[in-house]
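Peer 1: Protein sequence lines correspond, in order, to chains D, F and E.
Quick note on numbering: the first sequence equals residues 1 to 535 in this note's numbering.
Quick note on numbering: the second sequence equals residues 1 to 237 in this note's numbering.
Quick note on numbering: the third sequence equals residues 1 to 167 in this note's numbering.
Treat the hints as calculated values from the structure; they're not laboratory data.
All values reported here derive from a predicted model rather than from experimental measurement.
Treat the hints loosely; a few may be bogus.
[Claimed, not checked] Under the rule of at most 25 Å between Cα atoms (straight-line distance), these lysine to aspartate or glutamate pairs were calculated in the DMTMM-like manner:
1. E:LYS7 with F:GLU192
2. E:LYS114 with D:ASP448
3. D:LYS190 with F:GLU72
4. D:LYS252 with D:GLU238
5. D:LYS304 with E:ASP32
6. D:LYS46 with D:ASP97
7. E:LYS123 with E:GLU50
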Amino acid sequence: MIPEELAEMALFERETQQQYQHQINVCVASGCLSLQSDQIRESLEKEVRRRGEERWCQVRGVGCMGLCTAGPLVSVGPFTDPAAALYQEVQVSDSLDIIDSLGEGAVSRLVCPTDGPFFQRQVRVVLENSGQIDPERIEDYIAADGYEGLLKVLTEMNPSDVIEQMTRSGLRGRGGGGYPTSLKWTTVAKAVGPRKFVICNADEGDPGAFMDRSVLESDPHRVLEGMAIAAYAVGAGEGYIYVRAEYPLAIKRLRQAIHQAERLGLLGNRIFGTTFSFHVEVRLGAGAFVCGEETALIASIEGKRGTPRPRPPYPAEYGLWGYPTLINNVETFASVAPIIRNGGDWYARIGTEKSAGTKVFALAGRVTNTGIIEVPMGITLRDIIYEMGGGIPDGHAFKAVQTGGPSGGCIPEDYLDMAVDYDSLVQVGSIMGSGGMIIMDDTSSMVDVARFFIEFCMSESCGKCVPCRVGTVHIHDLLTRISEGMASMGDLSTLVELCEMVRNTSLCGLGQSAPNPVLSTLRFFRDEYLAHIRA
Amino acid sequence: MAAQIKTLKIDGRDIGARSDETILEVARENGIGIPTLCNLEGLTPVGACRMCLVEVKGARRLLPACVTRVEEGMEVTTSSERLTAYRRMILEFIFSERNHICSVCVSNGHCELQDMASRLGMNHVRVRYQTPRLPVDASHQRFVIDPNRCILCTRCVRVCDEVEGAHTWDVMGRGFHARVITDLGQEWGTSETCTSCGKCVHVCPTGALVEKGRSVAEMTKRTSFLPYLKSMRDGRE
Amino acid sequence: MQRDPAKLEPPSDDRRWRVVRATMRRHGHRQDALIEALHTVQESFGYLDEAGMRYVAAGLNVPLSRVYGVATFYHFFTLRPPGEHTCVVCMGTACYIKGGAAILSAIEQNFKVKEGGTTADGKISLLTARCLGACGLAPAVVLDGNVMGKRDRSEVLNQLQRWMEQP
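Put together the whole structure using the sequences plus the hints.
Peer 2: This is the structure in structure tokens:
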């Protein structure tokens with residue numbers, strides 16, 4: 001493909017789509033699919049065909065629209081159509097009514113109001129195309145300015161210009177730690193090696209986090225474009241996407257997307273006729289949480305047991321097969337193309353000074369609206385949980401919000417007005433993590449929650465280093481005794497001692513952060529522990 | 001590129017070192033003992049047992065001396081109250097994990113784990129013993145493996161892979177359920193890849209891998225062959 | 001002389017081995033294809049048996065013990081043949097909070113099967129997942145590959161009962 005062809009293709013696709021008077025979009029991401037949205041799509045298509053209206057009315061599968069709790073979701077457009085609306089809890093039997101209503105007025109019993117805070121308070125950068133385009137068609141992505149960022153860097157920018165824009169954007173790694181993205185890119189760019197690699201970490205393992213899955217299923221090309229831009233900036237020619245095997249749909253769409261991009265010459269050799277080449281391969285995880293850790297992930301791509309190794313040397317200098325390697329997660333790569341298209345300064349204006357931009361969160365647990373949201377950094381927890389999430393259902397009272405998965409902590413009511421950014425979450429003993437947010441109400445026992453997470457870390461420990469392998473067993477043992485009312489005050493102080501030792505001596509992030517859920521619940525819900533202690 | 005000379009401080013002493021050396025190597029050259037278990041001269045260090053963790057001024061975390069290279073101006077502390085407490089706790093963890101009963105062990109008196117416990121004054125275990133029941137494999141003609149005494153240091157795995165080149169040993173499972181195995185987790189005596197060289201037995205720090213026919217406290221091990229063998233193998237490559 | 005892995009004969013004339021061989025060939029019989037190859041064996045045969053592990057070890061020139069180490073490290077791989085049907089209960093945080101654990105223990109009790117095991121008649125394998133990423137639909141259960149969201153205990157138990165009663 002030569003540069004002009006991209007613009008032509010985008011124009012052609014937009015014109016084709018404008019020929020349709022009506023558009024019916026059915027969510028075909030995992031959430032709605034598990035509620036049989038594929039059958040709804042089929043029945044809509046059949047009905048449109050039966051009426052001979054295929055030329056005026058388009059039925060498409062689109063990515064995640066966010067409000068998973070109200071699925072299956074269907075949207076009708078364009079917005080000028082009097083019937084334009086978002087429909088919730090749609091059933092196959094609703095197809096006729098939906099088609100009848102086109103051009104007339106929305107089917108009121110199905111309408112899901114979109115003027116509430118759940119939708120209105122979102123700022124969509126990473127998710128700008130989610131629910132808007134068909135993730136299985138590259139043409140749809142191109143019509144939405146797709147691959148324009150890649151074209152821009154290859155034809156107008158030096159690698160150092162690209163990194164300069166990333167520095168200006170202030171983007172920090174969305175996988176958990178919040179390490180400045182441009183710093184990582186600079187290190188890999190400066191590293192010397194005959195080969196370099198770019199790896200996308202799509203091993204989203206935190207229980208309660210499903211943001212990356214949503215992005216991969218809804219807009220896979222965005223991740224590929226981000227990886228290609230990164231590869232150009234750091235001088236890499238090959239890339240891997242390491243995806244959990246538990247995400248079959250994401251894997252299928254990624255493979256399809258790579259194939260489509262290669263066919264159009266947007267990936268592969270001499271992209272846009274330049275000297276830049278970039279090849280991407282998908283590699284499957286096989287059910288090991290620890291493989292989210294950079295060095296374990298690399299070992300897994302090399303076909304080995306996913307055990308971490310001590311750092312330094314960091315993968316940026318000594319990574320896959322010993323070559324300099326850039327690793328970022330899905331959301332980080334998905335943020336790259338818009339930053340390049342709109343400029344780093346544009347991105348830096350969103351969010352807070354030290355945590356720029358937006359963050360995608362997965363809301364789950366005891367909250368009315370569960371699903372995926374993208375919000376500017378700096379929004380308060382209260383706004384997320386009560387405004388957007390709609391509060392706690394069934395008349396129960398809020399108790400805690402868990403962020404950061406097994407490496408994070410539980411934040412109590414007192415801190416709900418805290419602004420959400422990397423640093424403030426650390427201050428209250430949790431972390432941003434990848435963006436899972438689990439809300440707990442007064443029916444959850446915090447000792448039980450701590451035990452749940454330590455049980456998770458215990459069975460996900462790779463077993464390489466002693467503190468994590470054995471320490472998690474003993475912490476779990478003590479928590480079990482506490483919850484069974486068999487522990488003494490002495491056991492409680494041993495628990496704290498063990499937690500501190502495991503945190504300070506473990507080899508990798510899994511062990512170092514495994515005690516966090518215990519320490520944070522001990523800090524904020526000590527009473528619940530004491531209530532279990534034998535007198 | 002030739003190694004450069006770096007100067008650093010270990011336990012307050014000014015020391016010169018080559019830039020390709022680790023803190024552990026430099027400390028040992030200078031008569032400063034840092035406790036180790038998984039480390040063995042001649043095998044690739046893995047930083048797994050965490051006994052050799054040291055404090056480095058300015059570093060956010062404790063660093064494993066066996067894999068951390070020296071740097072100019074580094075200030076290293078190899079022993080402190082906190083480090084000793086952590087090292088003792090690591091030993092408590094190891095003792096609680098399997099069944100280390102010295103009085104009936106063929107390696108009694110010649111065991112690196114036992115020596116380490118007495119050197120660091122670890123005299124009781126505060127956490128609960130896990131007492132797993134692991135079957136002893138005596139199917140090999142000359143050797144026995146008793147996983148109840150294994151500390152998963154992976155010295156056997158490394159010597160078999162790096163020096164003997166057979167890769168008969170590896171680790172199966174994960175976490176608390178990890179075990180060293182031969183071939184497809186089968187009895188050692190049926191292994192098709194084992195050359196019966198016995199290197200794994202001699203690098204094993206405890207009584208987990210031993211020669212047959214030894215009685216209590218009779219099993220002594222020698223590892224002096226390793227550095228020379230390793231250097232010859234490397235030189236030939 | 002090293003044997004040529006590309007010329008290696010499969011363990012039997014079962015056509016499914018060709019798929020495994022194709023995966024290994026696609027990766028140039030490189031050692032790093034081990035996990036991909038094991039995925040293919042499990043997809044084709046339902047589990048990893050000794051013949052499969054030996055074939056992959058020889059085909060990629062990987063030591064047997066490493067193959068076994070990898071196969072047992074990753075929870076996605078199973079070394080035992082699965083039942084006719086599989087039921088995966090999600091034990092992610094959101095599902096746990098919303099009663100996933102109760103569903104699991106009800107299944108364990110009603111059908112006398114332990115997590116990770118198969119019923120005595122070989123009908124149903126019961127597994128747990130670390131998080132399916134279907135948290136918006138908690139509690140989630142996967143029955144023969146289909147994710148069922150927002151299911152209560154009795155719905156799941158009824159479906160399993162129907163499986164048990166099939167001839």
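Peer 1: Now tell me if each hint is right for this structure.
Peer 2: Taking the hints in turn, this is what the structure says about them:
1. Of the supplied pair hints, the one linking LYS7 of chain E and GLU192 of chain F holds, its CA atoms being roughly 21 Å apart against a limit of 25 Å.
2. About 22 Å separates the Cα atoms of LYS114 of chain E and ASP448 of chain D, which keeps this hinted pair within 25 Å; it holds.
3. With a CA separation close to 22 Å, the supplied pair LYS190 of chain D and GLU72 of chain F stays within the 25 Å bound.
4. Distance restraint check for LYS252 of chain D and GLU238 of chain D: the Cα-Cα separation of roughly 20 Å lies within the 25 Å cut-off, and the hinted pair is therefore satisfied.
5. The straight-line distance between the Cα atoms of LYS304 of chain D and ASP32 of chain E is roughly 7 Å, inside the 25 Å bound, and the hint therefore holds.
6. Of the pairs offered as hints, the one joining LYS46 of chain D and ASP97 of chain D holds, with about 14 Å between alpha carbons and a cut-off of 25 Å not exceeded.
7. For the hint linking LYS123 of chain E to GLU50 of chain E, the alpha-carbon distance of about 23 Å falls within 25 Å, and the restraint holds.
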